[in-house]
Amino acid sequence: MSQVDNNEAASIPESDAVQSLLPSDRLNIIRHKGRPTIKDYMPLLFTDFFEMHGDRLYGDDNAIMGGIGRFDGIPVTVIAEVKGRDVYENKECNFAMPHPEGYRKSMRLAHQAEKFHRPVICFIDTPGAFCGVEAEKRGVGEAIARSLYEFMTLKTPVISVVLGEGGSGGALALGVCDKLGMLENSLYSVISPRGFASILWKDASRESEACNIMRITAEDMVSLGIAEAIIPEADGGAHNDFAITAENISEFLSKSLSEKMKIDIDVLLNERYNKFRKIGEYTEM
Amino acid sequence: MLEDFFKVVTTRFNSALSDGENKDNPEKKKNSVNIPKGILFKCPRCSSVCESEKLESNRWVCPSCGYHSRITAKQRLSITVDKDSFTEYDCDMQSLNPIDFPGYEKKISDLKEKTGLNEAVITGECTIHGERCIIGIMDSHFMMASMGSVVGEKITRAFEAAAEKHLPLILFTASGGARMQEGTVSLMQMAKTSGAAARLSQAGIPYITVLTDPTTGGVTASFAMLGDIIIAEPKVLVGFAGRRVIEGTIKQRLPDDFQSAEFMLENGFADMIVDRYAMRRTLAHLIRLHRGVQIPSKEVSKDVTG
Ligand SMILES: [Zn+2]
Numbered sequence: 001m002s003q004v005d006n007n008e009a010a011s012i013p014e015s016d017a018v019q020s021l022l023p024s025d026r027l028n029i030i031r032h033k034g035r036p037t038i039k040d041y042m043p044l045l046f047t048d049f050f051e052m053h054g055d056r057l058y059g060d061d062n063a064i065m066g067g068i069g070r071f072d073g074i075p076v077t078v079i080a081e082v083k084g085r086d087v088y089e090n091k092e093c094n095f096a097m098p099h100p101e102g103y104r105k106s107m108r109l110a111h112q113a114e115k116f117h118r119p120v121i122c123f124i125d126t127p128g129a130f131c132g133v134e135a136e137k138r139g140v141g142e143a144i145a146r147s148l149y150e151f152m153t154l155k156t157p158v159i160s161v162v163l164g165e166g167g168s169g170g171a172l173a174l175g176v177c178d179k180l181g182m183l184e185n186s187l188y189s190v191i192s193p194r195g196f197a198s199i200l201w202k203d204a205s206r207e208s209e210a211c212n213i214m215r216i217t218a219e220d221m222v223s224l225g226i227a228e229a230i231i232p233e234a235d236g237g238a239h240n241d242f243a244i245t246a247e248n249i250s251e252f253l254s255k256s257l258s259e260k261m262k263i264d265i266d267v268l269l270n271e272r273y274n275k276f277r278k279i280g281e282y283t284e285m
Numbered sequence: 001m002l003e004d005f006f007k008v009v010t011t012r013f014n015s016a017l018s019d020g021e022n023k024d025n026p027e028k029k030k031n032s033v034n035i036p037k038g039i040l041f042k043c044p045r046c047s048s049v050c051e052s053e054k055l056e057s058n059r060w061v062c063p064s065c066g067y068h069s070r071i072t073a074k075q076r077l078s079i080t081v082d083k084d085s086f087t088e089y090d091c092d093m094q095s096l097n098p099i100d101f102p103g104y105e106k107k108i109s110d111l112k113e114k115t116g117l118n119e120a121v122i123t124g125e126c127t128i129h130g131e132r133c134i135i136g137i138m139d140s141h142f143m144m145a146s147m148g149s150v151v152g153e154k155i156t157r158a159f160e161a162a163a164e165k166h167l168p169l170i171l172f173t174a175s176g177g178a179r180m181q182e183g184t185v186s187l188m189q190m191a192k193t194s195g196a197a198a199r200l201s202q203a204g205i206p207y208i209t210v211l212t213d214p215t216t217g218g219v220t221a222s223f224a225m226l227g228d229i230i231i232a233e234p235k236v237l238v239g240f241a242g243r244r245v246i247e248g249t250i251k252q253r254l255p256d257d258f259q260s261a262e263f264m265l266e267n268g269f270a271d272m273i274v275d276r277y278a279m280r281r282t283l284a285h286l287i288r289l290h291r292g293v294q295i296p297s298k299e300v301s302k303d304v305t306g
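Respectively, the protein sequence lines represent chains A and B.
The first sequence: position 250 = 250 (my numbering), numbered continuously.
The second sequence: position 13 = 13 (my numbering), numbered continuously.
Derived by calculation from the structure, the hints in this document are not laboratory data.
Treat the hints with caution; some may be incorrect.
To be verified - Residues of chain A clear of chain B, computed beta-carbon distances all greater than 10 Å:
#, residue
1, Met-107
2, Arg-206
3, Glu-251
Said to hold, decoys possible - Some, not all, of what chain A presents toward chain B, calculated at C-beta under 8 Å:
#, residue
4, Gly-34
5, Val-87
6, Cys-131
7, Tyr-282
Note that CB positions come from ideal geometry on N, CA and C, so glycine has one too.
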């Protein structure tokens, strides 16, 4: 099993009330109608942001937004999965379920970041890649696979944050990074609790129960060696105070960037590879 | 006619694995009730029946319709590598239970007994028509070859062995996807294997994937789609999302060739479709082309197997 540096996660204070939440309570918090999305955080985290569109191969995908801006005065590339808060917004961004062109746009912008020596900051917030005929025709499997490949070898620091829902390969495509932070109520899973319940008990309605045994919380991710940090939210959840939550994200990014930007790129790439290389549990008898 | 069409669709429908999970094919189960097991084979595609021996001598390809049926890793080895050339790697590696999934240990130990395998992939070194290479073969009989820690680790080590020994890597993929029982740890195996694929690629070593029935989910969305050359067996199921999930979204049945090898070729995600008779010599040819070695035409014999 992986060696996890728990120092950072442990150093972040958490109130007792928050610690006693069940994973299913966190599921309810991240589904709160008022939960901030990347569109809310963007102006609080970045200045001079310019959005860039299109994958230069097929089209543009509103489920993933990307562009360049400044963080703490440093030029950065931002790539983010976009959730909506109402039907209208969700129609626009396809409920944050990207098509292949979204991932290809992400790779295009990441390569530009590499070329111009900008760090990349990714925000994960998706139930998963979109499951549809067109997505299959345009090779959603290949687009995710290629993202994993490209980000693993991208010669610039990559920091990722899970804002709410980290669903399966569609989330991982923005999750191959040097440092992963998770908002304290966010979840990261291989399959939705609903899907898990329907497979395990043939009953999708038991999703809360599934959620509680799946080990998908921020603390679980730190103990499994998948995430490095837990980012505190406002009391009771990010929806209660966008600004405080954004400040905490900002602090995580600032610390992570200054740490990773110092490291020689070959060393950084080795560390990135080994972070994932170590994940897994098995015996050899 | 229409009924037949739906029958075929139903077959594919059942074999489409949406959630990285092992589901027994109810169609197959139903069929096997009347057919004495081990003596006769009933094709799940065209429903024709033939003797198991005949099927085996035809490399488990349905003599009536050409369906490339699912075979075990051992059977795959027997028709792919040169006789006695295979040395297995990591054969003792076994799963633990990273998220304490209820009943996972029991499920694994039952499957070990039933299949004679320790896990869903075998890896090692072999020759094919004398060409040395690293090979990995996934076996859908073991938990639908879903990718957990062991599959991820063995595949990653195969990539690393290929890089270290400067040998080409051939992976026969088959999988229902990520292994739900290992939670997010299984998801991370996608990143781990893709990272290993990237390193092999940077080392300039050829990597060939052969997509077999069924290649879906997290395996499609990682190392299966990263081959320098992507080959598929005829009519196999290849895709990312489960067919049922998509059909649920669009509220209609999908045509039978959706997410097939042919569909992948047509849409630009596979280089070629190669049948089992041509597989060995195709692989050997491709390996030689990457060495720039002249191939004497005599070596291209159709019926030589290991
Ligand atoms: Zn047939």
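query: What are the numbers of the hints the structure violates, in ascending order?
result: 4, 5
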